[in-house]
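Chemist: Listed below, chain by chain, are the residues.
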Amino acid sequence: SAVISQKPSRDICQRGTSLTIQCQVDSQVTMMFWYRQQPGQSLTLIATANQGSEATYESGFVIDKFPISRPNLTFSTLTVSNMSPEDSSIYLCSVVGVGGLDEQYFGPGTRLTVT
Amino acid sequence: SQQGEEDPQALSIQEGENATMNCSYKTSINNLQWYRQNSGRGLVHLILIRSNEREKHSGRLRVTLDTSKKSSSLLITASRAADTASYFCGFPDQAGTALIFGKGTTLSVSS
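So the sequence lines, in the order shown, correspond to chains E and B. Per my numbering, residue 1 is the first one in the first sequence, and the count goes up by one each step. Per my numbering, residue 116 is the first one in the second sequence, and the count goes up by one each step.
By construction, these hints were calculated from the structure, which means they are not laboratory data. This one's a predicted model, so the numbers in the text were calculated from it and none came from an experiment. Be aware that one or more of the hints could be misleading.
Straight-line alpha carbon distances no greater than 20 Å define the calculated DMTMM-like cross-link-like pairs of lysine to aspartate or glutamate that follow [as the list claims (entries may be wrong)]: (1) 141/B x 130/B; (2) 185/B x 198/B; (3) 141/B x 87/E; (4) 218/B x 122/B; (5) 184/B x 130/B; (6) 184/B x 168/B; (7) 171/B x 102/E; (8) 184/B x 198/B; (9) 185/B x 120/B; (10) 171/B x 103/E; (11) 218/B x 26/E; (12) 218/B x 208/B.
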């Protein structure tokens, strides 16, 4: 499996501000994804982070609100912009392709509270 | 919607009992993965089962897959209090890359 770290692990932010979440993997991976888990809910895919090109967003998510970078095969960032209380969620990065395998592994998550 | 369904939504059992949770999906898939999540933390990968496999074991976990019924089950035998968590099944989206998740089953094991 892969060791995936996320920073910060949690944060409390004021509405209208932005937060950038970092995801670091200890080995090169094929694909990286960002998910959101709202309180008491399941996981929803935000976007696929593409190396060297714009992320691919799912319906309901836009680049202006959730800009994503992936400069190399082991690192990605997700920014939650102009936050509102509805953005309070756990944000998780995940990866596929560790050792060429199909398993998808998740980071520990970033718990975001917007006041 | 591609979202899967899991049942039951909640399950409470005593230590030592077995716990079974089910997952259904709507499209053809090439694999299905089960995860555990403790108290809103990250997801821990449990098992991946491929479409050409009917059953897979890992320790006290047994996963089955019935592609004709588009369903999978996760059995935890001899449950322990430490098994208390939410369990999710995930299956590939239409692009075959990212996973789509069911709503999960919340398991509570009391000692």
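Chemist: Determine for every hint whether it applies to the structure shown.
Modeler: Against the structure, the hints:
1. 141/B x 130/B: violated (34 Å)
2. 185/B x 198/B: violated (26 Å)
3. 141/B x 87/E: violated (29 Å)
4. 218/B x 122/B: holds (9 Å)
5. 184/B x 130/B: With Cα atoms ~31 Å apart, residue 184/B and residue 130/B exceed 20 Å; violated.
6. 184/B x 168/B: holds (14 Å)
7. 171/B x 102/E: Roughly 16 Å between the alpha carbons, so the hint for residue 171/B and residue 102/E holds.
8. 184/B x 198/B: Not satisfied, since the Cα-Cα distance of roughly 28 Å exceeds 20 Å.
9. 185/B x 120/B: holds (11 Å)
10. 171/B x 103/E: Cα-Cα ~15 Å, so holds.
11. 218/B x 26/E: Status violated; Cα separation ~30 Å.
12. 218/B x 208/B: Holds, because 15 Å separates the two Cα atoms, which is no more than 20 Å.
Checked against the numbered hints given earlier, this structure breaks hints 1, 2, 3, 5, 8, 11; the rest are met.
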